Amino acid sequence: MSAALHAEWTKLRTYPGTAWLLLAVVAVTVAVSAAAAASARCPAAGCGQDPSKISFTGVDLGQAAVAIVAVLAVSAEYSTGMIRTTLAAMPGRIKLLAAKAAVVSVLILAAGALAAAGSLLTGWLILPGHGFTRAHGFAPLTLADGPVLRATAGSVLYLALIGLLSLGAAAAVRDSAVAIGLVLGVLYLLPIVAAVVSNATVRRHLLQAAPMTAGLDIQATTGLRSLPLSPWQGLAVLAAWAAGALLAGGLLLRLRDA
Amino acid sequence: MTATQAPPRTAAPAEHGSFAATLRAEWTKFRTVRGWVIGLTVAALVTVLVGLLSGAGSMSSCNGHPCHFLHPVGPGGEAVTDTFYFVHRPLASHGSITARVTSLTGELPTATGSGRVRAGQGPQSGMHPGLEPWSKGGLIIKANTTQGSAYAAVLVTGDHGARMQYDYTQDIAGPPGRPAPASPRWLRLTRAGDTITGYASADGTHWTQVGIATLPGLPATVQAGMFATSPPYSVTTAQGLLGMSGTGGPTLASAALDHVSLHGTVPGAWTGTQLGAGRSDASPAMPGRYHQAGGTFTVTGSGDIAPDAPGGGGPGQTLDHTLVGALAGLIAVVVVAAMFITAEYRHGLIRTTCAASPRRGQVLAAKAIVIAAVSFAAGLAAAAVAIPLGSHVLRANGNYLYPVSLLTEVRLVAGTAAMLAVAAVLALALGAMLRRSAIAVTLVIAAIILPYLVAVTNVLPPGAGNWLMRLVPAAGFAIQQTIPNYPQVSNACAVAQGCYPLAPWAGFAVLCAWAAAALCGALLLLRRRDA
Numbered sequence: 001m002s003a004a005l006h007a008e009w010t011k012l013r014t015y016p017g018t019a020w021l022l023l024a025v026v027a028v029t030v031a032v033s034a035a036a037a038a039s040a041r042c043p044a045a046g047c048g049q050d051p052s053k054i055s056f057t058g059v060d061l062g063q064a065a066v067a068i069v070a071v072l073a074v075s076a077e078y079s080t081g082m083i084r085t086t087l088a089a090m091p092g093r094i095k096l097l098a099a100k101a102a103v104v105s106v107l108i109l110a111a112g113a114l115a116a117a118g119s120l121l122t123g124w125l126i127l128p129g130h131g132f133t134r135a136h137g138f139a140p141l142t143l144a145d146g147p148v149l150r151a152t153a154g155s156v157l158y159l160a161l162i163g164l165l166s167l168g169a170a171a172a173v174r175d176s177a178v179a180i181g182l183v184l185g186v187l188y189l190l191p192i193v194a195a196v197v198s199n200a201t202v203r204r205h206l207l208q209a210a211p212m213t214a215g216l217d218i219q220a221t222t223g224l225r226s227l228p229l230s231p232w233q234g235l236a237v238l239a240a241w242a243a244g245a246l247l248a249g250g251l252l253l254r255l256r257d258a
Numbered sequence: 259m260t261a262t263q264a265p266p267r268t269a270a271p272a273e274h275g276s277f278a279a280t281l282r283a284e285w286t287k288f289r290t291v292r293g294w295v296i297g298l299t300v301a302a303l304v305t306v307l308v309g310l311l312s313g314a315g316s317m318s319s320c321n322g323h324p325c326h327f328l329h330p331v332g333p334g335g336e337a338v339t340d341t342f343y344f345v346h347r348p349l350a351s352h353g354s355i356t357a358r359v360t361s362l363t364g365e366l367p368t369a370t371g372s373g374r375v376r377a378g379q380g381p382q383s384g385m386h387p388g389l390e391p392w393s394k395g396g397l398i399i400k401a402n403t404t405q406g407s408a409y410a411a412v413l414v415t416g417d418h419g420a421r422m423q424y425d426y427t428q429d430i431a432g433p434p435g436r437p438a439p440a441s442p443r444w445l446r447l448t449r450a451g452d453t454i455t456g457y458a459s460a461d462g463t464h465w466t467q468v469g470i471a472t473l474p475g476l477p478a479t480v481q482a483g484m485f486a487t488s489p490p491y492s493v494t495t496a497q498g499l500l501g502m503s504g505t506g507g508p509t510l511a512s513a514a515l516d517h518v519s520l521h522g523t524v525p526g527a528w529t530g531t532q533l534g535a536g537r538s539d540a541s542p543a544m545p546g547r548y549h550q551a552g553g554t555f556t557v558t559g560s561g562d563i564a565p566d567a568p569g570g571g572g573p574g575q576t577l578d579h580t581l582v583g584a585l586a587g588l589i590a591v592v593v594v595a596a597m598f599i600t601a602e603y604r605h606g607l608i609r610t611t612c613a614a615s616p617r618r619g620q621v622l623a624a625k626a627i628v629i630a631a632v633s634f635a636a637g638l639a640a641a642a643v644a645i646p647l648g649s650h651v652l653r654a655n656g657n658y659l660y661p662v663s664l665l666t667e668v669r670l671v672a673g674t675a676a677m678l679a680v681a682a683v684l685a686l687a688l689g690a691m692l693r694r695s696a697i698a699v700t701l702v703i704a705a706i707i708l709p710y711l712v713a714v715t716n717v718l719p720p721g722a723g724n725w726l727m728r729l730v731p732a733a734g735f736a737i738q739q740t741i742p743n744y745p746q747v748s749n750a751c752a753v754a755q756g757c758y759p760l761a762p763w764a765g766f767a768v769l770c771a772w773a774a775a776a777l778c779g780a781l782l783l784l785r786r787r788d789a
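Those protein sequences? They're chains A and B, same order as listed.
Residue numbers are given in the numbering used here: position 6 of the first sequence equals residue 6, and the series is strictly consecutive.
In the numbering used here, each number is its position in the second sequence, counted from 1, plus 258.
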């Protein structure tokens with residue numbers, strides 16, 4: 001297994017886009033979070049906003065870059081034909097997928113930690129100036145606060161799970177464009193459909209089932225009771241999606257010719 | 259010594275260099291890749307299916323029963339709200355009505371401590387003095403006392419000065435200011451056949467014309483008189499994926515009028531009539547009343563005389579809700595469009611392509627035309643099926659759909675198809691620039707779908723969200739707006755309700771500008787780079 005990990009690490013490290021994409025994960029996440037924090041206003045106490053959710057808004061876009069990293073870790077091998085060499089050297093296909101998943105997860109956890117820390121920092125710097133003060137009922141955004149710590153760590157885990165979901169999808173469909181379209185479609189479309197559906201019960205169920213909305217419940221620190229799922233339940237839903245995608249990808253990888 | 263010069267090489271046969279040949283080559287490439295044809299078919303199918311599923315999940319009920327609301331329709335075929343208190347007398351085909359408005363006051367619901375009341379519920383226990391910006395009262399000439407009939411009114415408002423309004427959608431600004439006993443506002447409407455002219459004055463002697471309304475087919479005898487009405491008050495305190503929660507409820511406006519004079523009346527006395535405000539009214543309103551003391555009339559009413567627009571708390575849905583599946587179709591189209599160029603790089607076919615037609619601009623143009631045409635065709639077919647099927651499902655689920663004109667429906671179908679085509683061109687251009695389909699697809703999705711998601715789910719405050727929807731390619735969704743943004747209706751109509759910050763064609767132009775810029779960038783890079 002360590003040889004497999006080493007091989008995957010070398011491939012991913014030397015792929016020309018990886019470093020840029022990981023940099024994009026951090027930059028995009030922090031930039032969008034900063035923009036969201038800069039546009040947020042809390043004029044009075046009880047403005048019904050969640051400073052933690054605002055600070056981590058960038059994850060909405062950052063996850064797209066994460067999905068590219070994970071998809072390319074699989075699809076790039078198919079587009080260059082490298083996959084045949086890989087499989088000749090490493091016939092255990094499930095082991096291969098596990099090694100890929102491990103390496104991609106570590107990279108994304110590292111980039112995600114930087115992205116989440118940067119987002120939290122921008123929120124901590126910007127939001128108090130926009131009315132998110134103690135006087136309006138908001139504690140400072142620091143990791144010493146339990147829910148904020150959970151939101152920060154959860155955002156990092158969220159990104160890693162999105163990476164695994166994308167990896168599984170890419171292993172299943174092989175082509176990078178189709179895989180990324182599928183992943184981003186599932187992530188972004190289900191919440192839109194939920195918003196358009198007028199029946200409140202159906203909407204709630206959609207929000208519970210969609211990987212993005214369920215997973216992002218982990219970022220909430222206020223109004224936890226009105227959430228469709230509790231934060232960790234939500235992340236568990238996303239984990240189930242990721243597990244399902246990896247399972248499907250692993251199965252198809254085993255069954256098909258490369 | 260003679261230098262022999264080789265004859266200049268003849269240009270390649272016209273057929274090879276011609277644009278038509280390039281176009282044909284690109285069409286053949288598209289047509290013969292099974293995956294791409296399947297991709298486009300999938301785009302059309304998911305557009306219809308997702309639309310149907312979202313319609314199927316939109317069961318509407320009022321306390322467990324199907325809703326029965328009255329939806330009056332105005333002279334232009336649009337849904338209208340026509341709820342007010344009317345004090346009227348018959349008026350012949352030529353005549354006028356004049357009055358002095360000495361005050362416009364009102365009552366707003368008081369939000370109690372636990373008073374998070376959803377807009378759309380009945381009267382509040384407590385009311386306090388106050389006016390809505392569009393609370394209004396004044397003079398009106400109306401075809402009859404049925405809801406939705408033609409009218410013209412000259413009126414004073416809470417915050418928008420004197421206005422002339424007619425036939426629900428038309429609104430002309432007059433002199434500013436709210437009337438008060440110290441600074442009353444004189445109003446006059448004159449009728450000459452189908453033409454009604456509105457005037458306003460500060461003193462009753464110097465009149466300025468506010469506007470002229472033509473109401474075709476106005477009956478010989480109409481009803482003329484005074485009215486007051488006030489739209490429901492609503493403050494959205496939190497918006498999110500679980501829907502809006504807000505405080506609100508019906509409001510009241512009272513107009514005090516004196517020096518009332520009519521010319522051209524047929525015999526009859528002043529009658530007070532309440533239009534709407536029943537249980538089957540879609541928007542909340544309280545019954546009104548009137549009171550006459552000497553020459554002074556005090557008319558109190560609740561409701562609105564305006565187009566019934568989405569976002570006002572009413573139960574209606576806009577027709578573009580049947581097209582939510584176009585977002586899924588768009589993703590499929592974008593994937594195919596990006597692969598249409600990146601696959602050439604992947605397989606090295608681009609070198610053959612460039613050898614066969616060395617003018618790279620032509621190749622790019624041919625590719626853009628082919629992908630735009632097939633995407634447009636797929637979108638057209640999908641939208642033409644999704645709209646009738648989707649509206650059938652929505653209506654069967656007890657939803658009310660705002661009526662739209664045939665022209666708007668055609669714009670909705672063609673505009674959705676055009677949006678898919680332009681998004682495909684954008685993806686193609688980005689694919690040509692980046693040569694990596696995954697990144698090109700992600701960029702297009704992040705530029706079109708993500709801003710729409712952010713706007714629909716109110717992640718950003720409304721101001722920032724609106725600017726986003728003006729600037730990024732997602733502005734193109736404006737082409738799907740079916741009910742215009744009426745300035746005379748203060749509703750919370752946002753992207754989720756089918757309202758966009760830009761006009762339909764302006765929004766579409768923003769998307770086109772992005773695609774054009776991307777094409778220019780792609781052309782530049784294609785020419786400069788080796789393939």
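Honestly, the hints are just simulated from the structure, not real lab data.
Remember, predicted model here, so these are calculated numbers, not experimental data.
By construction, the Cβ of each residue, glycine as well, lies at the ideal position given by its N, Cα and C atoms.
Heads up, a few of these hints could be off.
[What the hints assert, rightly or not] Derived CB-CB ranges, DEER-like: (1) B:A764 with A:L143: 23 to 29 Å; (2) B:P745 with A:A31: 33 to 39 Å; (3) B:A771 with A:W9: 54 to 60 Å; (4) A:A110 with B:V668: 38 to 44 Å; (5) B:A764 with A:T222: 35 to 41 Å.
[Stated by the list, open to error] Output of the computed footprint for chain B on chain A, the stretches with three or more beta carbons under 8 Å from beta carbons of chain B: (6) 63-77; (7) 105-112; (8) 179-191.
[Claimed, not checked] A few chain B residues that don't get close to chain A, going by computed Cβ distances all over 12 Å: (9) V295; (10) V304; (11) V331; (12) D425; (13) A431; (14) G435; (15) T453; (16) I470; (17) T472; (18) P474; (19) A527; (20) T600; (21) G656; (22) I697; (23) N743; (24) Q755.
Going down the list of hints, with the structure as the test:
no., hint, result
1, B:A764 with A:L143: 23 to 29 Å, "45 Å, violated"
2, B:P745 with A:A31: 33 to 39 Å, "35 Å, holds"
3, B:A771 with A:W9: 54 to 60 Å, "43 Å, violated"
4, A:A110 with B:V668: 38 to 44 Å, "53 Å, violated"
5, B:A764 with A:T222: 35 to 41 Å, "37 Å, holds"
6, 63-77, "holds (count 7)"
7, 105-112, "violated (count 0)"
8, 179-191, "holds (count 8)"
9, V295, "14 Å, holds"
10, V304, "9 Å, violated"
11, V331, "22 Å, holds"
12, D425, "29 Å, holds"
13, A431, "30 Å, holds"
14, G435, "29 Å, holds"
15, T453, "43 Å, holds"
16, I470, "41 Å, holds"
17, T472, "38 Å, holds"
18, P474, "36 Å, holds"
19, A527, "47 Å, holds"
20, T600, "7 Å, violated"
21, G656, "10 Å, violated"
22, I697, "6 Å, violated"
23, N743, "19 Å, holds"
24, Q755, "10 Å, violated"
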